[in-house]
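What follows is the residue order along each chain.
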Amino acid sequence: MAVEAPARPEAPAPRRSGLRHRLAERGVDRVLLLLVPAVLVIGLLFLYPMLYGVGLSLQPKNGGGPFGNYADFFKDSYQRGTVWKTLRLALPAALINVGASVPIAYRLRGRFRGRRVLTALLVLPVTLGTVLVADGLLRYLGPKGWFNRVLLDLHIVDEPVRLIYNYWGVLLSLLITGFPFAFLLVLSYMSGIDPTLERAAATLGAGPWQRMRRVVLPLLAPGLATTFVLAFVLAFSVFPSANLVGEPAGETRVMAIAAYQAAFEKYDYSMASTIAVLMGVFELLVISVTLLLRGRLYTGPASGGKGS
Amino acid sequence: MTVGSVVEKDSRAAFGHLRLDGVTRRFGKATALSGFDLRIEGGEFIALLGPSGCGKSTALNCLAGLLPLSEGAIWLDEERIDTLPPEKRGFGMVFQNYALFPHLSVRKNVAFGLSVRRVGKAETARRVDEALRTVELTEHADKLPGQLSGGQQQRVAIARAIVLRPKLVLMDEPLSNLDAKLRVQMRTEIRRIHQDLGLTTVYVTHDQEEALALADRVVVLRSGKVEQIGTPEEVYTYPVSTYIAGFMGYRNLLELPVLSSGDGKVGLGEKDGLNLTGVSRQPITGARAVAAVRPEDFHIAGSPDSAAGENIVTVRVEVSEFHGREVAAEGVTDDGRVVHFRSPERIAPGERVALTVAPERVLVFGESVQDAAAALDEAAAESIGETTGAKDGG
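Protein sequence lines correspond, in order, to chains B and Y. Counting in our numbering, the first sequence runs from 14 upward without gaps. Counting in our numbering, the second sequence runs from 1099 upward without gaps.
Don't read these hints as lab results, they were simulated from the structure. Bear in mind that the values here come from a model prediction, so they are computed numbers and not experimental data. By construction, the Cβ of each residue, glycine as well, lies at the ideal position given by its N, Cα and C atoms. Any given hint could be a false lead.
Covered stretches of chain Y, going by a simulated chain B footprint (3 or more residues, C-beta under 8 angstroms) [said to hold, decoys possible]:
#: 1; stretch: 1192-1202
#: 2; stretch: 1210-1219
#: 3; stretch: 1290-1302
With the C-beta cut set under 7 angstroms, the calculated list includes, among others, these residues of chain Y facing chain B [unchecked claim]:
#: 4; residue: Ala1162
#: 5; residue: Leu1165
#: 6; residue: Pro1166
For each label pair, taking beta carbons as the anchor points, the in silico distance ranges come out as [to be verified]:
#: 7; chain 1: Y; residue 1: Leu1182; chain 2: B; residue 2: Pro105; range: 57 to 63 angstroms
#: 8; chain 1: B; residue 1: Val302; chain 2: Y; residue 2: Arg1124; range: 48 to 54 angstroms
#: 9; chain 1: B; residue 1: Tyr311; chain 2: Y; residue 2: Glu1177; range: 36 to 42 angstroms
#: 10; chain 1: Y; residue 1: Arg1124; chain 2: B; residue 2: Pro105; range: 35 to 41 angstroms
#: 11; chain 1: B; residue 1: Leu310; chain 2: Y; residue 2: Asp1277; range: 45 to 51 angstroms
#: 12; chain 1: Y; residue 1: Glu1176; chain 2: B; residue 2: Gly127; range: 39 to 45 angstroms
#: 13; chain 1: B; residue 1: Leu304; chain 2: Y; residue 2: Leu1182; range: 40 to 46 angstroms
#: 14; chain 1: B; residue 1: Phe125; chain 2: Y; residue 2: Gly1367; range: 54 to 60 angstroms
#: 15; chain 1: B; residue 1: Arg120; chain 2: Y; residue 2: Asp1227; range: 46 to 52 angstroms
#: 16; chain 1: B; residue 1: Gly127; chain 2: Y; residue 2: Ala1278; range: 27 to 33 angstroms
#: 17; chain 1: Y; residue 1: Asp1227; chain 2: B; residue 2: Met63; range: 35 to 41 angstroms
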């Protein structure tokens, strides 16, 4: 008895610490509390408004059941057309931005003098904001702008080329504002490719084009897919430039404009929510297809072996 | 291996000799390699040896075409090749980090060069199988490089370089990322492949043991310049400078005043201090000279009182390390010089012993002590582990 007595009070202690260890193994410990602020912010500022919007879209102003608005949207060709108009802008813009980033990032991947200045110049448009870019485009590409004046004076064209207040204006604006994002991402993916791989390919007889096609592009492809997804989402929600340099009543009446008009011109918040939800659905469709294709690529590390 | 004999003739016939003619490479103001002259005969195994920053990797990259030359020329027989891009030279290269294409299977990695050259499917399959058999990786052919161990990745890198039957194989410290045991194993493998396929190989390393074991001729570089070129035996037995002596395992570099010199025999010593008689291949003109002695050339002559004769060095043992068949010990002479030596029996720190060394085992160099110190520092910083293997090889 005298021996057992001091052992008793200690007995529960190992069990308690045992539970703590088992929880810690599953990643549950007090550090998790650090997530609370983020979860609160996401819940209050993102999840709740989103679910509220979905709920609102299911309560049509004109009746017709919970899916009445969705049916109305697809029945009305003026509304339905916005889907195509938005995709027609966002897909080429994202593709061109990613595509143009590849050769430039390829040139800039190594270290050389002035790399930082050049990178800063390429990234500059991010800081400008859509409205300033739109203003610049209107002046530069307008009928009396520099661009048309040069073309006219060189007698390349007889009358000013129309590049604003239509599809081309919006596309150009999306390219200018979207390129820096795509470029920065592609550059970081490009820098992640071990440069000795290309040198190895060269000693094996591959010329510059072969090295690009057989080594760089396959290793870059997953990163390009990710970049495309982000560039696409950015371009899909185009609103200011579609209004300012586009033709918001005609060929650049994108989904965001349709939603805006529903909400603030017709005061039909339910329909506006419906259009917003549909925007999300179409974005998710494109993203899913892209990520599905990405899953079929090699996505491991882009280094050549040990010690790199 | 028997498969090699077919390839042998292809490779042997590839070229007569390769000549580097004053090859110089500068990076900004720094000269990494200056006036490098070397003639490599077809079928030779050349090791470029030196500490990091000596220019050996620069020389290899210049040969491969990955670095343009600042000056000089490279000739393959009578064709000048230093202006060709790497893909036109037809040299195989094995990189320090292997540089395997991570997105391609082992088979496709090895087939890469063939597929770039549009070699037919059947021919490609046959040659890839043969190369994989040579490096014993047939059963791993469909794995990705990431699924292989370091040693296996290394063998893929070698297979990928030799499948093209290159005129010249360049290897840039290929064993430095492997652990000690695998390193020795792969070293033998590399020499075997070189012989079986009749390759011409240029091998860069900072490990003198590797260079001596593998090469037909060793080129020792120092600060971008050639210090000595010779067979492993020559470089090991007759280093031309304290720098190379330090690199080749002469850990004891003792600077002493010159007492007598003539007939290749040099007497060095201090009054009431260390006295050594050694040999020199050049005439010693200065007042002081450096005596280089390998730790394993010192023998224990007995206790300090009874020992008599030539080249007796009395030391107090400071540290002794057990190395299996022998003990590596560090002692200090009465005037404070550190002496490294070996002993077949265990000796205790604090003990006083008399060491002796045969005069023909003491190499004397008429150089300044700074040279000797620099050589020792560089050698110590670069050599991995002890030099017991090199001793066995010599």
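Tested hints:
1. 1192-1202: Check passed, 9 qualifying residues.
2. 1210-1219: Result for this restraint: holds, n = 4.
3. 1290-1302: n = 0 at 8 angstroms, threshold three: violated.
4. Ala1162: 6 angstroms, holds
5. Leu1165: 10 angstroms, violated
6. Pro1166: 13 angstroms, violated
7. Y/Leu1182 x B/Pro105: 57 to 63 angstroms: 42 angstroms, violated
8. B/Val302 x Y/Arg1124: 48 to 54 angstroms: 52 angstroms, holds
9. B/Tyr311 x Y/Glu1177: 36 to 42 angstroms: 39 angstroms, holds
10. Y/Arg1124 x B/Pro105: 35 to 41 angstroms: The hint (35 to 41 angstroms, Cβ to Cβ) is violated, given that arginine 1124 of chain Y and proline 105 of chain B are roughly 48 angstroms apart.
11. B/Leu310 x Y/Asp1277: 45 to 51 angstroms: Once the Cβ atoms are compared, 33 angstroms apart, the range 45 to 51 angstroms for aspartate 1277 of chain Y and leucine 310 of chain B is violated.
12. Y/Glu1176 x B/Gly127: 39 to 45 angstroms: The hinted range 39 to 45 angstroms holds for glutamate 1176 of chain Y and glycine 127 of chain B, with Cβ atoms some 42 angstroms apart.
13. B/Leu304 x Y/Leu1182: 40 to 46 angstroms: The hinted range 40 to 46 angstroms holds for leucine 304 of chain B and leucine 1182 of chain Y, with Cβ atoms some 44 angstroms apart.
14. B/Phe125 x Y/Gly1367: 54 to 60 angstroms: 58 angstroms, holds
15. B/Arg120 x Y/Asp1227: 46 to 52 angstroms: 39 angstroms, violated
16. B/Gly127 x Y/Ala1278: 27 to 33 angstroms: 45 angstroms, violated
17. Y/Asp1227 x B/Met63: 35 to 41 angstroms: The hint (35 to 41 angstroms, Cβ to Cβ) is violated, given that aspartate 1227 of chain Y and methionine 63 of chain B are roughly 58 angstroms apart.
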